[in-house]
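If you're matching them up, the sequences are chains C and E in order. Going left to right, the first sequence walks through residues 1 to 319 as this note's numbering numbers them. Going left to right, the second sequence walks through residues 1 to 319 as this note's numbering numbers them.
Fair warning: there could be bad hints in the mix.
Which copy? The list can't say, so a pair holds if one copy fits it or any two copies do.
[As the list claims (entries may be wrong)] Here are the simulated DSSO-like cross-link-like pairs (lysine-lysine), alpha carbons at most 30 Å apart as the crow flies:
(1) Lys-17 x Lys-302
(2) Lys-220 x Lys-134
(3) Lys-255 x Lys-62
(4) Lys-96 x Lys-202
(5) Lys-107 x Lys-134
(6) Lys-190 x Lys-230
(7) Lys-272 x Lys-202
(8) Lys-96 x Lys-272
(9) Lys-17 x Lys-103
(10) Lys-202 x Lys-254
(11) Lys-250 x Lys-230
Quick caveat, the hints were computed from the structure, so don't treat them as lab data.
2 protein chains.
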Amino acid sequence: MRQAGRYLPEYREVRSKHSFLDLCNIPEVATEVTLQPIRRFGFDASILFSDILIPLVPMGAKLSFEEGSGPHISNQLRTVHDVDAMRSIEPESDLKQVMSAVKMIRKELPETTALIGFAGAPFTLASYWVEGGKPDPFVNLKTMMYREPGTFRSMLAKLGETVSRTLTAIVKAGADAIQVFDTWGGVLAKHEFREYNLPVLKGIFAQLRPLGVPMTYFVKDGGHLLSEVKETGADVIGIDWRTSFGDARKVFGKKVSVQGNLDPTVLFGDEKTIRRETRRVLEEAKGQAGHIFNLGHGILPKTPIQSVEFLIDEIRCAR
Amino acid sequence: MRQAGRYLPEYREVRSKHSFLDLCNIPEVATEVTLQPIRRFGFDASILFSDILIPLVPMGAKLSFEEGSGPHISNQLRTVHDVDAMRSIEPESDLKQVMSAVKMIRKELPETTALIGFAGAPFTLASYWVEGGKPDPFVNLKTMMYREPGTFRSMLAKLGETVSRTLTAIVKAGADAIQVFDTWGGVLAKHEFREYNLPVLKGIFAQLRPLGVPMTYFVKDGGHLLSEVKETGADVIGIDWRTSFGDARKVFGKKVSVQGNLDPTVLFGDEKTIRRETRRVLEEAKGQAGHIFNLGHGILPKTPIQSVEFLIDEIRCAR
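Given the sequences, and given the hints that come with them, work out the whole structure.
In structure tokens:
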């Protein structure tokens, strides 16, 4: 999950001088905020500072971020004509600023620190673009799925192509691993996820496979989708704090590694709680093919920095 | 789930003359909006029009509903003193208006139409009261859980007592069945749900058991909590559209009945989709000890009335 953010004073300092979109679009600034948490905490891996919606802009989305209310897309996708008008992109030129940031970060990072690039999953990207912002309860999106399944499918296919191309370019620019975030995929019932979302995800991971980098897939609230998630072809599956490692193991077996899953609100607890819950995650994850420690979702804005220090200390002591 | 609502013109007509709280607090008006969907659709059972937060008012919550932004509680629970100050209630007098509505509705309903009373689960009620409104991401609530587990527990215990007493009074006033709604219980990890939420829920259902009415428990996003949910002691478990009947049956066996689980957004689909998805739910539910057809969550404001008619027609034809 994003490591930089409002919980860091050095991030707030940069953010006070730049808009959120600037942070994503000016390579030097993106580099700075990506490196901040590495300088402070020395994590094993670093994650590119960007936003999943950035690749939608060259596709034609009119994207803005309003203070306090999150992303807004003014030209919502609703009809077959809107979907036909979605442009296909060449990330090397259309997302040049992102690729420059990746190159710059890779150069500045310690050699032993991996750089993770990421993209949103097609269903999640569609959620924002169809609804025009935070999608809950997904009425317009699902109306399209139920009434115009053909249009819905070609929208996901186009977004899938963007995701594959973008992640390929990010790896070529220097990323050592990639992640696909499916923030909203968990609102689909099992049979719908299988019908619409899974084929596109499989396509993405199959296209990226030859690049030879580890690939992670994360779907929030996806406890009911474990067997579908296993089929995506990702090497690592991220789970949120609601899915236990035990339940994941029952479905995944030992074939995939698992990333997760501390509830980000644990970091609002006292030291004893943070250390206890961190140990619990480490204990429960034993017996996985591999375990990447992570929060079960993004770090929250008011997280005390000292909490992150307790967390890291507990993990390093356990090694 | 709530049957009345903004999708009905007769509801909007009443609502244009009364605030949302009036609808809950004036027995004649609550009766009118409760009966509206029964008159129009002739459902087998009717659900009391009310709000889960109403019983918090005599406990001391300063509750208001602001147009468009949902519930707001201005005196949030944060400290042990706040929790100590929560009043215990006598629903016969403190929620007299609700009990009057139940009596009035029971008298006006056809004899063969069951009346369902409901309450929010303690964890969900706590979510609203601690956060002061729609709780996401639950930072204050979980901070209390992690830092002051004793205070957190006594808060849930007090709310549990309110829920037991309120539902007992509702049954005595004439309700034929009860439901406990746990809108937010699904944000808890398995071990937390088991530690904090489950004991209080068990206590509620044990206290209500002697009343001899069917008891339903519903937790949204609770696919990871099926074995815990089974232990609550409820006769009927509500599932949302993300949990399949197959997965539910694996855990519940044939001991409990299941209620659910059509995705409310299906009602924005065309006739063919609505009929197909309704049949799918009916088919998948075969083999349960019992099945109560329901939406997987509340009916959405802009749902076309004709969609509800297609749904009902499909169910009645399948009988």
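**Request:** Give the relationship of Lys-220 and Lys-134 under a CA distance limit of 30 Å: within one copy only, between copies only, both, or neither.
**Result:** Answer is both: 15 Å inside a copy and 19 Å across each meet the 30 Å cutoff.
**Item:** Same-copy or cross-copy closeness of Lys-107 to Lys-134 [CA-CA at most 30 Å]
**Value:** neither (35 Å within a copy, 44 Å between copies)
**Prompt:** From the Cα coordinates, with 30 Å as the cut-off, is the pair Lys-272 and Lys-202 best called within, between, both, or neither?
**Reply:** Classified as between; 29 Å across copies, 42 Å inside a copy.
**Prompt:** Between copies, within a copy, both or neither: which fits Lys-202 and Lys-254 at Cα up to 30 Å?
**Reply:** within (20 Å within a copy, 36 Å between copies)
**Prompt:** When no copy is specified for Lys-17 and Lys-302, does a C-alpha distance of 30 Å or less occur within a copy, between copies, both, or neither?
**Reply:** Within one copy, since 20 Å is at most 30 Å while 42 Å is not.
**Message:** Treating 30 Å as the Cα threshold, decide for Lys-255 and Lys-62: within, between, both or neither.
**Reply:** neither (41 Å within a copy, 53 Å between copies)
**Request:** Indicate which option fits the pair Lys-17, Lys-103 if close means a Cα-Cα distance not exceeding 30 Å: within, between, both or neither.
**Result:** within (23 Å within a copy, 62 Å between copies)
**Request:** Could you place Lys-250 and Lys-230 in one of the four classes (within, between, both, neither) given a Cα distance threshold of 30 Å?
**Result:** Both: 11 Å inside a chain and 20 Å across chains, each within 30 Å.
**Item:** Copy assignment of Lys-190 with Lys-230, given that the CA separation must stay at most 30 Å
**Value:** both (13 Å within a copy, 21 Å between copies)
**Asked** Between copies, within a copy, both or neither: which fits Lys-96 and Lys-202 at Cα up to 30 Å?
**Response** Classified as within: same-chain Cα gap 26 Å, cross-chain 58 Å, threshold 30 Å.
**Asked** What label fits Lys-96 with Lys-272 when the C-alpha limit is 30 Å: within, between, both, or neither?
**Response** neither (46 Å within a copy, 46 Å between copies)
Hints 3, 5 and 8 from the list above are not met by this structure, while the remaining hints are.
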